[in-house]
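*Asks:* Residue numbers (numbering that gives the first Met the number 0), protein chains in the order written: chain W, 0 to 411; chain D, 0 to 482; chain A, 0 to 281.
Don't read these hints as lab results, they were simulated from the structure.
One thing to keep in mind: the hints can contain errors.
[Claimed, not checked] Computed list of lysine to aspartate or glutamate pairs in DMTMM-like fashion (alpha-carbon distance at most 20 Å, straight line):
no., chain 1, residue 1, chain 2, residue 2
1, A, K238, W, E269
2, D, K98, W, D114
3, D, K36, D, E143
4, D, K52, D, D32
5, A, K238, W, E44
6, A, K132, W, D85
7, D, K162, A, E176
8, W, K51, W, D80
9, A, K238, W, D80
10, D, K203, W, E111
11, W, K220, W, D203
12, D, K203, W, D133
13, A, K215, W, D80
14, A, K103, D, D154
15, A, K237, D, D413
16, D, K98, W, D67
17, D, K203, W, D85
18, W, K176, W, D165
19, W, K37, A, D225
20, A, K215, D, E443
21, W, K37, D, E100
22, D, K203, W, D204
23, A, K238, W, D244
24, W, K308, D, D105
25, D, K421, W, D400
26, D, K36, D, E15
27, D, K373, D, E361
28, W, K176, W, D273
29, W, K51, A, D63
30, D, K137, D, D105
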Amino acid sequence: MKKKIVSVLLCMAMITTATVGCGKKESNDSAAGGETIKLKVWAAEEDQDLTKELISKFEEENKDQKFDITVGVESESTAKDTILVDPEAAADVFAFASDQITDLVNANVLQEVQDKDTVTNGNVEGSVEAATVDGTLYAYPFAADNGYFLYYDKNVVSDEDAKSWDSILADCEAAGKKAGMVFASGWYAAGFFYGAGFTTELNDDGSTTMDWNKTSSTGIKGTDVAQGMIDIAQNPAFLPITDGDSTNQIATGSLGAVVSGTWDSTAVQEAFGDGYAATVLPTFTCGGQQIQQGSAAGYKMMGVNANSKQVGWAMELAKYLTNEESQKTRFEKREIGPSNIKVSESDEVKNNIALAAVTAQNDKAGVVQMVGSNYWDPAKSFGEIMAQGNPDNEDLQSLLDNLVEAASQASN
Amino acid sequence: MNNVKKKKNPMTAFFEAIGRFIKEFGQAVKDGDSGVKASLLLMGAGYWKRGQKLKGVLVTLLEIAVILYNVFIGFPYIGKLGHLGTVQQEMIYNPTTMKNEVNNYDNSLLCLLFGVISLVFLIVAVALWMVNIRTTYKLQKRAEAGKHINTFKEDCRELLNDKFHFTLLSLPVLGIIIFNVLPLIVMICVAFTNYDQNHMPPAKLFTWVGLANFKSLFTTSMTVTFGYTFRRILVWTLIWAVFATVTTYVGGILLSLLINSKLTRFKKMWRTLFVTSIAVPQFVTLLLIRNFFASNGIVNTFLAHAGITGFLKHLGWISTNYVPFLTNPTWAKVTIIMINIWVGVPYLMLIATGVLMNIPEELKESARIDGANKFQIFKSITMPYMLFITGPYLVTQFTANINNFNVIYLLTQDVYTTTNQKLAASQGKEIDLLVTWLYRLTSEQYNYKMAAVIGICVFIVCAIITLFAFNFLIKGDKEDTFK
Amino acid sequence: MSKKKVMSTIAVHVLLAVLAFIWILPIIWLAVTSFSGYDGMNTSRFFPETWSLKNYTRILFHPDTVAQFPAWFKNTLIIAIFTCIISSCFVLMVSYAMSCMRFKGRKAMMNIAVMLQLFPGFLSMIAIYFILKSINLTNSHVGMIFVYSGAAGLGYLVAKGFFDTIPTSLREAAYLEGASEARTFFTIVLPLSKPIVVYTVISSFLVPWTDFVFAKIILNSGISSDWTVAIGLYNMLKKQLLPSYFSRFCAGGMLVAIPIGILFIIMQKFYVEGITGGSVKG
Numbered sequence: 000m001k002k003k004i005v006s007v008l009l010c011m012a013m014i015t016t017a018t019v020g021c022g023k024k025e026s027n028d029s030a031a032g033g034e035t036i037k038l039k040v041w042a043a044e045e046d047q048d049l050t051k052e053l054i055s056k057f058e059e060e061n062k063d064q065k066f067d068i069t070v071g072v073e074s075e076s077t078a079k080d081t082i083l084v085d086p087e088a089a090a091d092v093f094a095f096a097s098d099q100i101t102d103l104v105n106a107n108v109l110q111e112v113q114d115k116d117t118v119t120n121g122n123v124e125g126s127v128e129a130a131t132v133d134g135t136l137y138a139y140p141f142a143a144d145n146g147y148f149l150y151y152d153k154n155v156v157s158d159e160d161a162k163s164w165d166s167i168l169a170d171c172e173a174a175g176k177k178a179g180m181v182f183a184s185g186w187y188a189a190g191f192f193y194g195a196g197f198t199t200e201l202n203d204d205g206s207t208t209m210d211w212n213k214t215s216s217t218g219i220k221g222t223d224v225a226q227g228m229i230d231i232a233q234n235p236a237f238l239p240i241t242d243g244d245s246t247n248q249i250a251t252g253s254l255g256a257v258v259s260g261t262w263d264s265t266a267v268q269e270a271f272g273d274g275y276a277a278t279v280l281p282t283f284t285c286g287g288q289q290i291q292q293g294s295a296a297g298y299k300m301m302g303v304n305a306n307s308k309q310v311g312w313a314m315e316l317a318k319y320l321t322n323e324e325s326q327k328t329r330f331e332k333r334e335i336g337p338s339n340i341k342v343s344e345s346d347e348v349k350n351n352i353a354l355a356a357v358t359a360q361n362d363k364a365g366v367v368q369m370v371g372s373n374y375w376d377p378a379k380s381f382g383e384i385m386a387q388g389n390p391d392n393e394d395l396q397s398l399l400d401n402l403v404e405a406a407s408q409a410s411n
Numbered sequence: 000m001n002n003v004k005k006k007k008n009p010m011t012a013f014f015e016a017i018g019r020f021i022k023e024f025g026q027a028v029k030d031g032d033s034g035v036k037a038s039l040l041l042m043g044a045g046y047w048k049r050g051q052k053l054k055g056v057l058v059t060l061l062e063i064a065v066i067l068y069n070v071f072i073g074f075p076y077i078g079k080l081g082h083l084g085t086v087q088q089e090m091i092y093n094p095t096t097m098k099n100e101v102n103n104y105d106n107s108l109l110c111l112l113f114g115v116i117s118l119v120f121l122i123v124a125v126a127l128w129m130v131n132i133r134t135t136y137k138l139q140k141r142a143e144a145g146k147h148i149n150t151f152k153e154d155c156r157e158l159l160n161d162k163f164h165f166t167l168l169s170l171p172v173l174g175i176i177i178f179n180v181l182p183l184i185v186m187i188c189v190a191f192t193n194y195d196q197n198h199m200p201p202a203k204l205f206t207w208v209g210l211a212n213f214k215s216l217f218t219t220s221m222t223v224t225f226g227y228t229f230r231r232i233l234v235w236t237l238i239w240a241v242f243a244t245v246t247t248y249v250g251g252i253l254l255s256l257l258i259n260s261k262l263t264r265f266k267k268m269w270r271t272l273f274v275t276s277i278a279v280p281q282f283v284t285l286l287l288i289r290n291f292f293a294s295n296g297i298v299n300t301f302l303a304h305a306g307i308t309g310f311l312k313h314l315g316w317i318s319t320n321y322v323p324f325l326t327n328p329t330w331a332k333v334t335i336i337m338i339n340i341w342v343g344v345p346y347l348m349l350i351a352t353g354v355l356m357n358i359p360e361e362l363k364e365s366a367r368i369d370g371a372n373k374f375q376i377f378k379s380i381t382m383p384y385m386l387f388i389t390g391p392y393l394v395t396q397f398t399a400n401i402n403n404f405n406v407i408y409l410l411t412q413d414v415y416t417t418t419n420q421k422l423a424a425s426q427g428k429e430i431d432l433l434v435t436w437l438y439r440l441t442s443e444q445y446n447y448k449m450a451a452v453i454g455i456c457v458f459i460v461c462a463i464i465t466l467f468a469f470n471f472l473i474k475g476d477k478e479d480t481f482k
Numbered sequence: 000m001s002k003k004k005v006m007s008t009i010a011v012h013v014l015l016a017v018l019a020f021i022w023i024l025p026i027i028w029l030a031v032t033s034f035s036g037y038d039g040m041n042t043s044r045f046f047p048e049t050w051s052l053k054n055y056t057r058i059l060f061h062p063d064t065v066a067q068f069p070a071w072f073k074n075t076l077i078i079a080i081f082t083c084i085i086s087s088c089f090v091l092m093v094s095y096a097m098s099c100m101r102f103k104g105r106k107a108m109m110n111i112a113v114m115l116q117l118f119p120g121f122l123s124m125i126a127i128y129f130i131l132k133s134i135n136l137t138n139s140h141v142g143m144i145f146v147y148s149g150a151a152g153l154g155y156l157v158a159k160g161f162f163d164t165i166p167t168s169l170r171e172a173a174y175l176e177g178a179s180e181a182r183t184f185f186t187i188v189l190p191l192s193k194p195i196v197v198y199t200v201i202s203s204f205l206v207p208w209t210d211f212v213f214a215k216i217i218l219n220s221g222i223s224s225d226w227t228v229a230i231g232l233y234n235m236l237k238k239q240l241l242p243s244y245f246s247r248f249c250a251g252g253m254l255v256a257i258p259i260g261i262l263f264i265i266m267q268k269f270y271v272e273g274i275t276g277g278s279v280k281g
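Chain W extracted, bound-state conformation:
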């Protein structure tokens, strides 16, 4: 008898759930928005003010339409993680780093770009290539500086010596400083292999094909590259940096040279003072030769959420936030390297030391890195073994074999 009371409550809860749930679905189909277009934009913490400024300009230019645009905080490197949990709750327009594009496309999160020509003609080829998956353009690039290069202190390392790892390390040791780089990361460590002619390829099932355990197209053995990395790591003047810790390490002032990206340019300028300089990555000793260290060229782009209720206007907004004017403003306010061809050819951009270095490095030896989700952890642990100088003296060939095998797992 009294159990009825329980059941009444249970039932009411269910009914409420059902009606509310049902009701929500209906209102989705009807012409939501009507007059006011509601959009949510996600941008990195550092870009909040800039993005708000650009949005108000966008609203100005579209005066005949009412907008309600909110800006939330989401770092470009973690955008994919937040979005994939619930794509329908994610922002309509968001910024992300190019290495996340395949996962986002697989989850049907990115809206195909309708106005291809504006994007393709306006931005540098590398960025457009990075925004294209299977021949379809999925995003609006706005930054071409998400790569890494070499910063060095002219007072410690001369321009000539900055061309090879051996001389950099020697100079740093002489000055009592260190040369730092992140090894334990699939993004940084890959640079050594790309430079030696090795490749990574993403397959349809999410697995990564790598040839690092064999011989590259230029005839270099994978084990030689690994040995080259170990030689650098075992040099007493080398400081292995934990991924993400570079700003901290630079601030300590104990570095004479560091491999990093434009995000650290302020910190490096402060630390190196008048000796501030940046250039392409050096060469490293590998199998007796000097090989140019490659890098994973990265781009930042804006994506439109395909689940958005206002996909059309979201695309307009994304296009605006990444057009020539906006990229120019972005560079002026935050020194972000533009992907727009015209802006990147301006004098100010060319004179920016860090941007010049990253562009040069991308042109010289940058590879657009396309890998599956099972690549990252094995690569990170491989890099860590290298960074520690292979303390257990494991056989390099088997280390590479294990790495390749682990990364070749299908995404699961």
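Use these hints to put chains D and A onto chain W, whose structure you have.
*Replies:* Positioned in the frame of chain W, the structure of chains D and A alone reads:
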């Protein structure tokens, strides 16, 4: 003898109860009069016959609502439970409306979620229907025996008296069902699907795969390393739980004895000082401590200046220029256990203090009169009493430590990289507990199916330990030794 | 004899002092860094080089997109108050029912409760998220309140243990005078249980302040002024933000620790009182 009976009891009792229930239902249908039989269709009929009009109306309304829900929502979802959706999402952009047109696609997770909810709801509804019949039959029996039949008011009053426990328990139990039981059932089901990053709704569908995930947990190759990782992490989880529980327990007791000793002044002040360390939220203190022990952190700088780092390197204990407190597997394990002592001892000290203050003084007095010294008193009176009272607490602490996410995650998340390639292939680390591995699998790899499998394994491990420990504790009933 | 006693007393106090120092050390570091004039984390010195109050002023009066402490504090306070009310009611209701009343299925329910708590909590994160989403409560503080207090009834053990020590004779006397079970609960048992009620209230109040896992999943709009204190502070220690926000993190940590600390100490007092004073034995 006693124990075997106890272990079997819950299971057999459960099935016996169900059997009895169905038998009573059958009897009610067979022997019931027209009112009871009418209640088979119209649930309120039985009550109207006995004059409980209001109740009859309420019950009938309920019946209508339940039937409506099932027809329109419940059954469609339950139907989809078999295949978890067949229509994949497709979108076409319509330039004129500036919107995407989406087909009527199936979302596998929502199918599973609402399917389970509806199934549970259906089962509950059927059970209630059967209870209703039984109740009306009981009413009929009471009427035949001439006993008083409650009015509605009297029924309500009973809710505050004999049946107060229903009133008390209804809302909390509802909350537990919605926020604990249902999600749990759904996630257990996920362990039998292929819900991972390649099969993520709303874009893609996932479906049942039976025991395939469990199989992959127990096979090992270079590409499928889950079995290897699982074994290693399970072993470390158990070792960690033992060390963490024992060290904090012993430490807490020792500390509380120290503070409670007759020689100590300002007892309250000392206690408060230690409690302050747990007053600050764990995620603040643990992140601080993580930075404390970083490779170029304060502790390392201090050790380097004091020459200890060089000494350790000379001994061959470390191979780097800093002490890898949180980055080397062995060092990290020791450091984490040490830091956990810092975290856990104040709690144990509080509890131990409470228990210590409760030991009847007469026992200790009589022992002292008999000539026992401090150690003997401690060994034969204090410790056994402590163990007896805190025994159950120890067991819960042990299982809680198996699931101790905060300490491991906050101390190692961003700083520890594994050098074991097999572990890395399944996103594991040497210092991971099963729960931290589970969390990383869900939040970084979206590998929900393997995470669910691991969750089930954690449950099985904890259940075995709890059952084992409680049986052991009940067997050794120390209460008699006190008398 | 007296000399030995003096030596032992000194030894005990020295030992205690050393231990207490070790335990408080991180807290001291937290406190001094919150007054540091340097934004990032100083790894070479314990005490900051420059002292300043600006971390506190910045975090309280100059919120930016990363540090929105006043908003976080307000959010967490609201969530905590409601969680505390609902949780405590649930816990006390369940404990009383399990302890003082006897009904069919009581033992079964207690066993099920034990079993349910053996599952790791994070497992059901994603399912709870979608349950909340279906009733439109994600990204809302109401949703958070439900998450924290929904299954609170499972934590009834401590309160039940206390209720077990209340002599049945008291309740039976009330029945004889004609009081219903409900009346007994409210007028006799509850007033006697003040220590344990306070303990329950405070411990459920503290839950939202320290959880960052569930909060992050549910409050996912990216609008940082919606966050709770736990998410906000945790976010400040992200790799790229740490160098500029570490000392502000410490200031925030101190501001949170003080009320929580005070509440915790009060709660501990009531807890001990409940455990020891609750045994009304002779």
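*Asks:* Indicate, hint by hint, whether the structure satisfies it.
*Replies:* Hint by hint, here is what the structure shows:
{"no.": "1", "hint": "A/K238 to W/E269", "in the structure": "holds, 19 Å"}
{"no.": "2", "hint": "D/K98 to W/D114", "in the structure": "holds, 15 Å"}
{"no.": "3", "hint": "D/K36 to D/E143", "in the structure": "holds, 16 Å"}
{"no.": "4", "hint": "D/K52 to D/D32", "in the structure": "holds, 18 Å"}
{"no.": "5", "hint": "A/K238 to W/E44", "in the structure": "holds, 13 Å"}
{"no.": "6", "hint": "A/K132 to W/D85", "in the structure": "holds, 10 Å"}
{"no.": "7", "hint": "D/K162 to A/E176", "in the structure": "holds, 19 Å"}
{"no.": "8", "hint": "W/K51 to W/D80", "in the structure": "violated, 24 Å"}
{"no.": "9", "hint": "A/K238 to W/D80", "in the structure": "holds, 16 Å"}
{"no.": "10", "hint": "D/K203 to W/E111", "in the structure": "holds, 17 Å"}
{"no.": "11", "hint": "W/K220 to W/D203", "in the structure": "violated, 27 Å"}
{"no.": "12", "hint": "D/K203 to W/D133", "in the structure": "holds, 18 Å"}
{"no.": "13", "hint": "A/K215 to W/D80", "in the structure": "holds, 12 Å"}
{"no.": "14", "hint": "A/K103 to D/D154", "in the structure": "holds, 19 Å"}
{"no.": "15", "hint": "A/K237 to D/D413", "in the structure": "holds, 9 Å"}
{"no.": "16", "hint": "D/K98 to W/D67", "in the structure": "holds, 17 Å"}
{"no.": "17", "hint": "D/K203 to W/D85", "in the structure": "holds, 13 Å"}
{"no.": "18", "hint": "W/K176 to W/D165", "in the structure": "holds, 14 Å"}
{"no.": "19", "hint": "W/K37 to A/D225", "in the structure": "holds, 18 Å"}
{"no.": "20", "hint": "A/K215 to D/E443", "in the structure": "holds, 14 Å"}
{"no.": "21", "hint": "W/K37 to D/E100", "in the structure": "holds, 18 Å"}
{"no.": "22", "hint": "D/K203 to W/D204", "in the structure": "holds, 14 Å"}
{"no.": "23", "hint": "A/K238 to W/D244", "in the structure": "holds, 6 Å"}
{"no.": "24", "hint": "W/K308 to D/D105", "in the structure": "holds, 18 Å"}
{"no.": "25", "hint": "D/K421 to W/D400", "in the structure": "holds, 12 Å"}
{"no.": "26", "hint": "D/K36 to D/E15", "in the structure": "violated, 26 Å"}
{"no.": "27", "hint": "D/K373 to D/E361", "in the structure": "holds, 15 Å"}
{"no.": "28", "hint": "W/K176 to W/D273", "in the structure": "holds, 17 Å"}
{"no.": "29", "hint": "W/K51 to A/D63", "in the structure": "holds, 14 Å"}
{"no.": "30", "hint": "D/K137 to D/D105", "in the structure": "violated, 46 Å"}
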